[in-house]
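**Student:** For the protein sequence lines, the chains are H, L and X, in the order given.
Under the UniProt record's numbering, the first residue of the first sequence carries the number 1, and numbering increases by one thereafter.
Under the UniProt record's numbering, the first residue of the second sequence carries the number 1, and numbering increases by one thereafter.
Under the UniProt record's numbering, the first residue of the third sequence carries the number 1, and numbering increases by one thereafter.
FYI, nobody ran anything at the bench for these hints, they're computed from the structure.
Any given hint might turn out to be false.
Claimed, not checked - 25 Å max Cα-Cα, derived DSS-like pairs, lysine-lysine:
| id | chain 1 | residue 1 | chain 2 | residue 2 |
| --- | --- | --- | --- | --- |
| 1 | H | K234 | H | K12 |
| 2 | L | K33 | H | K12 |
| 3 | L | K33 | H | K234 |
| 4 | X | K153 | H | K234 |
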Amino acid sequence: MASFWEYANPRKFMATSAFLLPWTAGIAGLCLVTGLVWGFFFTPDDFRQGSTVKIIYVHVPSAIMAVNAWLMMLVASLIWVIRRHHVSALAAKAAAPVGMVFTVIALATGALWGQPMWGTWWEWDPRLTSFLILFLFYLGYMALWEAIDNPDSAADLTAVLCLVGSVFAIISRYALVFWNQGLHQGATLSLDREQNIANVFWYPLVITLAGFGFLFLALVLYRTQTEIRARRLKALIAQERMA
Amino acid sequence: MMPDLGTYAVPVLSSYGVSLILLFAVIAASIWKARRIRARLEQVESRRDRTT
Amino acid sequence: MIGLLKRDLTLAIRAGGGFGLSLAFFLIFTTLVPFGVGPQTAILSDIAPGILWLGALLACLLSLDRIFQLDWEDGTLDLIATSPVPLEGLAAMKALAHWITTGLPLVLVSPVLGLLLNLPGPGYLWLMASLVLGTPALSAIGAFGAALTVGVKRGGLLLSLLVLPLYVPTLIFGALTVARGATGQDALTPLILVGGITLGSLAILPFAAASALRVNLR
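Put together the whole structure using the sequences plus the hints.
**Tutor:** Here's what the structure looks like:
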């Protein structure tokens, strides 16, 4: 069994990700189409929320993946800081825009859901607000990557920002709960799910969740490949200039 | 075929629409960037092979 | 390290601006608010806690990019990095100097500006207490942001983008302390939380700032 750290070698990573990419992308497409079609066409209306309950199939998975994307960036940054594997830093860079898009989807669908349910597009509810702040963190992280020319310095600085940002993001999360007890419903996906959500809604939700997860994975693999190529391109151009 | 969305048709449809558009946008942006970088890399590498 | 602090303070005083500009900004900001929301004293006293905290926060933000920029440009930072003073100490001293030149004056003038915005009576004590406890966190976070962006040309805007989301918890608890104090509710809990954030920031962020400086000095 090969060690996990072998994938820190860009060549090895390129080969393995080239093999994995069609599979993850295929599974993502399959799960997304099945889950969304099932969720949209074949689920009953909720007795209280009417047909808006169908929004759950895009809202909840994107929200979960928005947070998980940041977690993945945090882990990748830690690996970069500790073990200095370039692929790890590039994977964090590649994940940020995807995570940001998930955050935007969660915010937009949340607003569209809130409008008929709570009677307002936007509510300064802790969960919504913490997603807005998460969005700002993604923006700052990506802006810092863009601003610094030297790729190694950029990787180091963004990794530090990601670590510190994570601490402050968690503090913000609890500060917001303290600040305003919101009207957002509690967690839909918890261990005691029988009380929260019926099976008819649960199965398609799990499938879309898997779809969003695999989509994230496929996009990160794909974008990391691009980043590795971009890094090589930059190095080659620099070499030509030297020669 | 179309399910009856009742009074909430607009928010439900638009939230699906927004999500799909954004997902396709990020996928398209990734593919576009990948193609561009790959083309430029091949260009530079072929130039290198010729000179060496 | 004390020498570094003294040097920074002397520079700030001799160059002028350091003390004056952020105070002037704070004053102008609070003066502009009634023009925006109207002169009704009831509304003003309702929003005064938030406005005062926001003003203090933005005034802090204004002078952040100068924390390391000047020393970076003229090479002083490289000299200090090769001296026996640890960079962590340098970052802490820079944050302290920034706090003494901007945070402390802001605390001292805040009651006067509270008067302008018709802050209710019991709020003044809480305002000063929360600012005294909270502004060091603003300076420490700001020093970290400044260390991250020191190598970026015209990094001021980027600095704000990075630092402002980190200011969220401090702002929430700080403004909440004043708002609760002004209306006679329990203000001690948020005040303690402000203190907690400050202590935590002071403990962690000099190390983060120093590691960012090391990267930028490479």
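**Student:** Against this structure, judge whether each hint is valid.
**Tutor:** Outcome of the hint check:
{"no.": "1", "hint": "H:K234 <-> H:K12", "result": "holds (20 Å)"}
{"no.": "2", "hint": "L:K33 <-> H:K12", "result": "holds (22 Å)"}
{"no.": "3", "hint": "L:K33 <-> H:K234", "result": "holds (15 Å)"}
{"no.": "4", "hint": "X:K153 <-> H:K234", "result": "holds (21 Å)"}
In the structure shown, no violation is registered for any of the earlier numbered hints.
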